[in-house]
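Same order as they appear, the protein sequences are chains R and P.
Per my numbering, residue 1 is the first one in the first sequence, and the count goes up by one each step.
Per my numbering, residue 1 is the first one in the second sequence, and the count goes up by one each step.
Read the hints as simulated data drawn from the structure, not as lab findings.
Treat the hints with care, as some may be off.
As the list claims (entries may be wrong) - Residues on chain R that point at chain P, a partial pick, calculated with CB under 7 Å:
hint, residue
1, N21
2, T97
3, S246
As the list claims (entries may be wrong) - Listed below are the simulated DSBU-like cross-link pairs for lysine-lysine, each with C-alpha atoms no more than 35 Å apart in a straight line:
hint, chain 1, residue 1, chain 2, residue 2
4, R, K150, R, K200
5, P, K68, P, K120
6, R, K103, P, K85
7, P, K276, P, K53
8, P, K220, R, K103
9, R, K103, P, K84
10, P, K85, R, K17
11, P, K84, R, K17
12, P, K53, R, K200
C-beta atoms are modelled at their ideal positions from N, C-alpha and C, and glycine is treated no differently.
What follows is each chain in one-letter form.
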Amino acid sequence: MIETVVSVDLMVEEELKVKKNRLAPDFPNGNEKRICIVSGLYGDELQGQYICYEVIRRIKSNYDKLKGIVDVYPSVNVMGLDSRTREIPGSGMDMNTLFPGSKSGALGEYTASCIFGDICGADVCIDLHASNVYIHEVPQVRMNDDCVDKVMPFAKHMNVDMVWIHPSTSVQNGSLAYSLNNAGVASMVIESGVAFRIQKQYCEQIVDGLFSLMKYMGIWDGDAVDAKEGIVTDDSRISYINAESSGIFIPDVSVYDTVTKGTQIGTIVNVLTGSVEEVVCANNDGMICSLRDYPVIEEGSLLARIVGDINHE
Amino acid sequence: MNKEVIFSMNTAFRGEYTLHGYSFGEGDKAACIVGAMRGNEYQQLYICSLLAKKLSELEAQGNISAQKEILLIPTLNYSSMNAKKTKWIADDSDINRSFPGNPHGTATSRIAAALLQRIKDYSYGVQFASFYLQGESIPHVRMMETGKESVSLANLFGMPYVLTGMNRAFDTVTLNYNWQELGTQAFSIYSATTETIDDESAMMAVSSVLRFLTRMGIIKYDCHGGYISTTLREQELVSIRAEEAGFFRKLVGVDREVKRGEVLAEIINPMDGTVKASILAPTDGIVFFCQDAPMVFQNTVIYKMIRRMHH
Numbered sequence: 001m002i003e004t005v006v007s008v009d010l011m012v013e014e015e016l017k018v019k020k021n022r023l024a025p026d027f028p029n030g031n032e033k034r035i036c037i038v039s040g041l042y043g044d045e046l047q048g049q050y051i052c053y054e055v056i057r058r059i060k061s062n063y064d065k066l067k068g069i070v071d072v073y074p075s076v077n078v079m080g081l082d083s084r085t086r087e088i089p090g091s092g093m094d095m096n097t098l099f100p101g102s103k104s105g106a107l108g109e110y111t112a113s114c115i116f117g118d119i120c121g122a123d124v125c126i127d128l129h130a131s132n133v134y135i136h137e138v139p140q141v142r143m144n145d146d147c148v149d150k151v152m153p154f155a156k157h158m159n160v161d162m163v164w165i166h167p168s169t170s171v172q173n174g175s176l177a178y179s180l181n182n183a184g185v186a187s188m189v190i191e192s193g194v195a196f197r198i199q200k201q202y203c204e205q206i207v208d209g210l211f212s213l214m215k216y217m218g219i220w221d222g223d224a225v226d227a228k229e230g231i232v233t234d235d236s237r238i239s240y241i242n243a244e245s246s247g248i249f250i251p252d253v254s255v256y257d258t259v260t261k262g263t264q265i266g267t268i269v270n271v272l273t274g275s276v277e278e279v280v281c282a283n284n285d286g287m288i289c290s291l292r293d294y295p296v297i298e299e300g301s302l303l304a305r306i307v308g309d310i311n312h313e
Numbered sequence: 001m002n003k004e005v006i007f008s009m010n011t012a013f014r015g016e017y018t019l020h021g022y023s024f025g026e027g028d029k030a031a032c033i034v035g036a037m038r039g040n041e042y043q044q045l046y047i048c049s050l051l052a053k054k055l056s057e058l059e060a061q062g063n064i065s066a067q068k069e070i071l072l073i074p075t076l077n078y079s080s081m082n083a084k085k086t087k088w089i090a091d092d093s094d095i096n097r098s099f100p101g102n103p104h105g106t107a108t109s110r111i112a113a114a115l116l117q118r119i120k121d122y123s124y125g126v127q128f129a130s131f132y133l134q135g136e137s138i139p140h141v142r143m144m145e146t147g148k149e150s151v152s153l154a155n156l157f158g159m160p161y162v163l164t165g166m167n168r169a170f171d172t173v174t175l176n177y178n179w180q181e182l183g184t185q186a187f188s189i190y191s192a193t194t195e196t197i198d199d200e201s202a203m204m205a206v207s208s209v210l211r212f213l214t215r216m217g218i219i220k221y222d223c224h225g226g227y228i229s230t231t232l233r234e235q236e237l238v239s240i241r242a243e244e245a246g247f248f249r250k251l252v253g254v255d256r257e258v259k260r261g262e263v264l265a266e267i268i269n270p271m272d273g274t275v276k277a278s279i280l281a282p283t284d285g286i287v288f289f290c291q292d293a294p295m296v297f298q299n300t301v302i303y304k305m306i307r308r309m310h311h
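Kindly produce the complete structure, drawing on both the sequences and the hints.
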């Protein structure tokens, strides 16, 4: 059932509507578990669009297997998605800093408040992201370090390559995940791929994880994969490689590549002089879990992350 | 006036990016003033330019106190101003959301770290900040309620109002918060505008800083005593939202005293010109903030009022 969660008049003719699709058993017993799947907090992150579509499609094709409530919010920053804008168009506010929001606030805070209120009471919330335009990420769960005990049992079913306990902005104070965890809803962020793209392989992997999680929660009674055991790490096992020169980054590795300390990651070149400004090398042993996708870089730009100790296989 | 390099880096296409500071007087690190951090903060940079001129004159006249140094950093983000962007030109990050910064991190994080390293030992810090809502506000001094703020010191600027506010989620990564955490008495000065130049409020901001520096014994300057500031808590301001979306016709501007029920503005239907909503003052008081966009969304905060305050 399609429901409107937020409705706000825009300035000329249009109405901003944030919608959700509630999928629930035909004959509920009143004790169903509830999972919320949220996507599109950033208007340039599109992975969640395919994931939401595929989740709904698979449920509809085996509706009798649905034993709980699945609320899908595919596009919560509607104007951002339509205008290819990461933040909320107009105000420029980062929507994922506005939660739990405020009914008396401006457009973004008001919208955040309505979405937050609608999700409250659920058992689990999955906030689907897709990195930004600069960095390509392997599919991963992110969670803040203050909710590990509560969230990890669910995260292990998400079929991702990495679970990163990391207080990044996507899970810190002001984010949807942080606010929901404070409100008793076990919440995590999924990052994968790169902005403005749909990487179907990653999406399918995450959809498989969602069904694995829903099976674990008793929401889904159909087929589900055995979730892969991803690397579980905190910041101590993540190495950052930042540029010390400006120019164009030409990578020599790909995500998932295993490197050792000293392996050449890529070069930074000067296109005016035809010279190599910097040869970028791995600063640790491990797997490339993040890699620069947008080639124009400046001093300090993040080029890669390496997750170490990957002997889990 | 001595010019120094605060931070320097190379860029892919634009050449060297160098941030400069200008110091006046020599000796103890007495006061540091930071200007525009975003590319749309024209008023904030303008205030710094006026202040630089004034401090140069005072220095030439020997009116910077002995053993006192004032550092002025007019802008941290001039490339965005040149490119007409608000945030960092290369990746849309925000310098004032990057503190305390990391010298090995991204460009904005490096700028934040370099800045904080250079300015952390000053006794007093002033930042010309822009109001988080787009529009015009009464000039004021804002302090975060970190437990380390001193309202009595803020009063010495002689601005009409001192506003204190609880920390919002993003405040912990701002300059003001981190400056206070490192022991500097940090103040944010809000002028009336951001993207347009308002001479009157710019001069008020300049005077307020000179007044403060005089009262702290950092400069010798005969100036008007300013206001005995009224202290407000941000949470006490009454927010008035647009009930409808459409053209915003302002009838009452900032700093006007109004009666409860007085019409502040009208929202006009952009298709047929009819009045969709009349925005009424919910209380007697003074208009503290008024938005200045030609059109508004439904639920947008269009006014903030000081409840039951009279001129």
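How the hints compare with the structure:
1. At its closest, the beta carbon of N21/R sits 24 Å from a beta carbon of chain P; the interface hint therefore is violated under the 7 Å criterion.
2. Taken as an interface hint, T97/R checks out: its beta carbon lies about 6 Å from the nearest beta carbon of chain P, inside 7 Å.
3. At about 5 Å, the closest approach between the beta carbon of S246/R and any beta carbon in chain P falls short of 7 Å, and the interface hint on this residue holds.
4. For the given pair, K150/R sits about 30 Å from K200/R by alpha-carbon distance, which is consistent with the 35 Å threshold.
5. Note on K68/P and K120/P: the hinted pairing holds, with a Cα-Cα distance of about 16 Å set against a maximum of 35 Å.
6. With a C-alpha separation of about 30 Å, the suggested pairing of K103/R with K85/P holds against the 35 Å cut-off.
7. At roughly 49 Å between alpha-carbon atoms, K276/P and K53/P are farther apart than 35 Å, so this suggested pair is violated.
8. Proximity of K220/P to K103/R is assessed by CA-CA distance (about 49 Å); at most 35 Å being required, the pair is judged violated.
9. For the suggested pair K103/R and K84/P, the alpha carbons sit about 33 Å apart, so the restraint of at most 35 Å is met.
10. At most 35 Å may separate the alpha-carbon atoms for a hinted pair to count; K85/P and K17/R meet this at roughly 29 Å.
11. At roughly 31 Å between alpha-carbon atoms, K84/P and K17/R fall within 35 Å of each other, so this suggested pair holds.
12. The suggested pairing of K53/P with K200/R is violated, with an alpha-carbon distance near 59 Å, which exceeds 35 Å.
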